[in-house]
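J.: If you want the building blocks of each chain, they are given just below.
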Amino acid sequence: MDNLEPRFRRVARFVSPVDRGFAAIVYAGSILFALLIIGLFVELVLGSWPSIAAFKFSFIWKSEWDPVSNKFGALPMIYGTVVSSFIAIALASFVGIMAAVYLSDFAPRWLANPLSFLIELLAAVPSVVYGLWGLFVLAPFVRTGLGPVLQHVLGWTPLFAGPIYGVGLLTGGIILSLMIVPTVTAISRDILVAIPRDLREASMAVGTTKWEMAMRVVLPAARVGIFGACVLALGRALGETIAVTMVIGNRPQISASLFAPSYTLASVIANEFTEATTSLYISALIELGLILFFVSMIVNGVARLMIWSVRGSDRTA
Amino acid sequence: MASSSEGLASAQLALRYAGLRRRRVYAMLGTGLALFCALLAAAVLLAVLGYVVAQGIGSINWEFLTQLPHPIGVPGGGVGNGIAGSFIMIGIATAMAIPIGLLTGIYLALFGRGPIPEALRFLSDVLSGIPSIAIGLFAYAVLVAPLKHFSAFSASFAFMMLMLPLLVRTSEQAIRTVPQVVREGALALGMSNFRATVRIVIPTAMPAIMTALLLAIARVTGETAPLLFTAFGSQFWEFNPANPMAELSLQVFTYAISPYPTWQAQAWGGALLLISAVCILSVGARLMLRRSQGLQL
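Heads up: the protein sequence lines correspond to chains A and B, in order. Heads up: the first sequence runs through residues 1 to 317, numbered per my numbering. Heads up: the second sequence runs through residues 1001 to 1297, numbered per my numbering.
Source of the hints: derived by calculation from the structure; they are not laboratory data. In this text, all values refer to a predicted model and were calculated from it rather than measured experimentally. We treat Cβ as the ideally placed atom computed from N, Cα and C, and that holds for glycine. It cannot be assumed that every hint is accurate.
[As the list claims (entries may be wrong)] Here are the simulated distance ranges between beta carbons:
1) Gly1091/B <-> Gly39/A: 22 to 30 Å
2) Gly1076/B <-> Ile25/A: 46 to 54 Å
3) Arg1291/B <-> Trp61/A: 51 to 59 Å
4) Gly1058/B <-> Gly39/A: 20 to 28 Å
5) Arg1291/B <-> Glu201/A: 13 to 21 Å
6) Gly39/A <-> Trp1237/B: 27 to 35 Å
7) Val302/A <-> Leu1187/B: 35 to 43 Å
[Claimed, not checked] Going by beta-carbon spacing under 10 Å, a handful of chain B positions derived as facing chain A:
8) Leu1020
9) Leu1049
10) Ile1060
11) Val1126
12) Gly1129
13) Gln1264
14) Leu1281
Sequences and hints are given; from them, build the entire structure.
T.: Quick look at the structure:
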């Protein structure tokens, strides 16, 4: 069949009416799938159009969020989203990568499988459960334990100054870091496992310790992909909604202190959408969703390219 | 003369051994650090799980599982309507996601070369990264705003969108991993492409597809954000998907941020139910995956 003309081959493959009908149904399902995603984008743009028309680019850099007087600026939420996500990735990347190195190169098999499973289960814990735990366990701990200690040691920097409420940027960042550690670990481990055995054997053959092999040979070879795993985790953190909403304090302000309450793009939508009264207000909230859409599309695209460059594209990340 | 060169050599040897000892210590410390990080990640899970079990187990009884919520101040009551709502919404979402996801997966596996399938894969990856709250906004814009009416169906629609990327990519890969000889064998026996796909290829790929389906269901079971403005919640028994409906994770959220200790206790009970459901689904997916790996020819 290989020596048939490509056009003829296609006809030969799906020649009977049943097959043609089958192909048509398969096409229809795929087209529907594509339409759903395109529709998502179109609806978000249409929904946010009144707000885009009213505020233009000032929406992104104005910091006033006052529904009563119909003034909407997203800067405080962009700030809160970015800062909480960066706290999360700063805390999660080291632990996540180290855990992945352990699982790929050091763990005995009887330990590697259960540990991987536990860490992957961590990714499946519902967001609202993290939020509940964050609200009743982590936030009091930050208020009475971690916060005062940090303030005592680092209170001279603006980052750790001011009153400690318990809920705030830092608590939001910590909860997010717990949520994205499994992403970093699972993808990094897959990438490390995919690094060819030859490299490892060559390294051991010239007399490195196993640790030196992992740090100086395997990790550098996997560098781009692991960076991609962190970027992908960052993307998850940026869009995470419920857990953050419960612990970040929900106040549209920009404050240098990590103890201060803040707000994120996703949590504004979660909190205010059903209470939004004017159509401009609703439209402004949808525009926040559109910003989230673009940001997560770019972040995910970059992350996937990096991961694929090391591991190949045959697995869903 | 000879003795001094011997001394030099032994000094170098000693130095090298000292370096080796230092490197071995580093290696041990490093391995310990890596182990510590892996255990830390697992310990966080156990800490959260343990706390939820400890706080939630007291709330769980027959009444909690089967009754309607009571008004604030009236003790007792349950999340029965939320559990029913979760089943209904996830059931509808699954029923819609399976055909679309499977058909797209078949398309990508069978006709998967060229710019259009690549674009479709790209779209699917884009969708998998879109925050659930943005997908909730889409469901609102398509199904709630035009009808001026919150509904469970709009939540199912959002759930379906959340399930699709995983289903599409996994069913594509599962169908691809079915060896070409199996397919050619079926065709050689005179089967049409349709029958070969439906009767031979898909059943062979089924365990992997089921794994993805279970993981997708686990994912939406814990999803709360899009429900806020689609299903909206309800205080009553509601079985009509065209109306607002209660859902377990939404109830947990509402109770958790309420100032009433009785509601907060119920939030822990609901959280325990959610975690149990997700754990069962994840373990089920694992077992299914093992079966699928055993089946690969």
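J.: Starting from the hint 51 to 59 Å, judge whether the C-beta atoms of Arg1291/B and Trp61/A obey it.
T.: Taking Cβ atoms as reference, Arg1291/B and Trp61/A lie about 54 Å apart, which means the hint holds.
J.: Once the shortest beta carbon distance from Gln1264/B to chain A is found, is it less than 10 Å?
T.: 7 Å, holds
J.: Does Leu1049/B pass the interface check with chain A, least Cβ-Cβ distance below 10 Å?
T.: With a closest approach of 8 Å, the Leu1049/B hint holds.
J.: Is 46 to 54 Å respected by the C-beta to C-beta distance linking Gly1076/B and Ile25/A?
T.: Holds, at about 51 Å.
J.: Answer holds if the nearest beta-carbon of chain A is closer than 10 Å to that of Leu1281/B; otherwise answer violated.
T.: 8 Å, holds
J.: Please check whether Val1126/B passes as an interface residue: C-beta within 10 Å of a C-beta belonging to chain A.
T.: Hint holds; Val1126/B Cβ to chain A Cβ min 5 Å, cut 10 Å.
J.: Holds or violated: Ile1060/B as interface residue toward chain A, Cβ cutoff 10 Å?
T.: Violated - the Cβ of Ile1060/B stays beyond 10 Å from chain A, reaching only about 15 Å at its closest.
J.: Per the hint of 27 to 35 Å, is the separation of the Cβ atoms of Gly39/A and Trp1237/B within bounds?
T.: 33 Å, holds
J.: Evaluate the given range 35 to 43 Å for the C-beta pair formed by Val302/A and Leu1187/B.
T.: This hint holds: roughly 42 Å between Cβ atoms.
J.: For the pair Gly1058/B and Gly39/A, does the Cβ-Cβ distance stay inside 20 to 28 Å?
T.: 46 Å, violated
J.: Under 10 Å is the threshold here; is the Cβ of Leu1020/B close enough to any Cβ of chain A for the hint to stand?
T.: Since the shortest Cβ distance to chain A is 9 Å, the answer is holds.
J.: So the hint says 13 to 21 Å: do the beta-carbon atoms of Arg1291/B and Glu201/A match that?
T.: Distance hint for Arg1291/B, Glu201/A is violated at roughly 33 Å.
Violated hints, in rising order: 4, 5, 10; the structure is consistent with all others.
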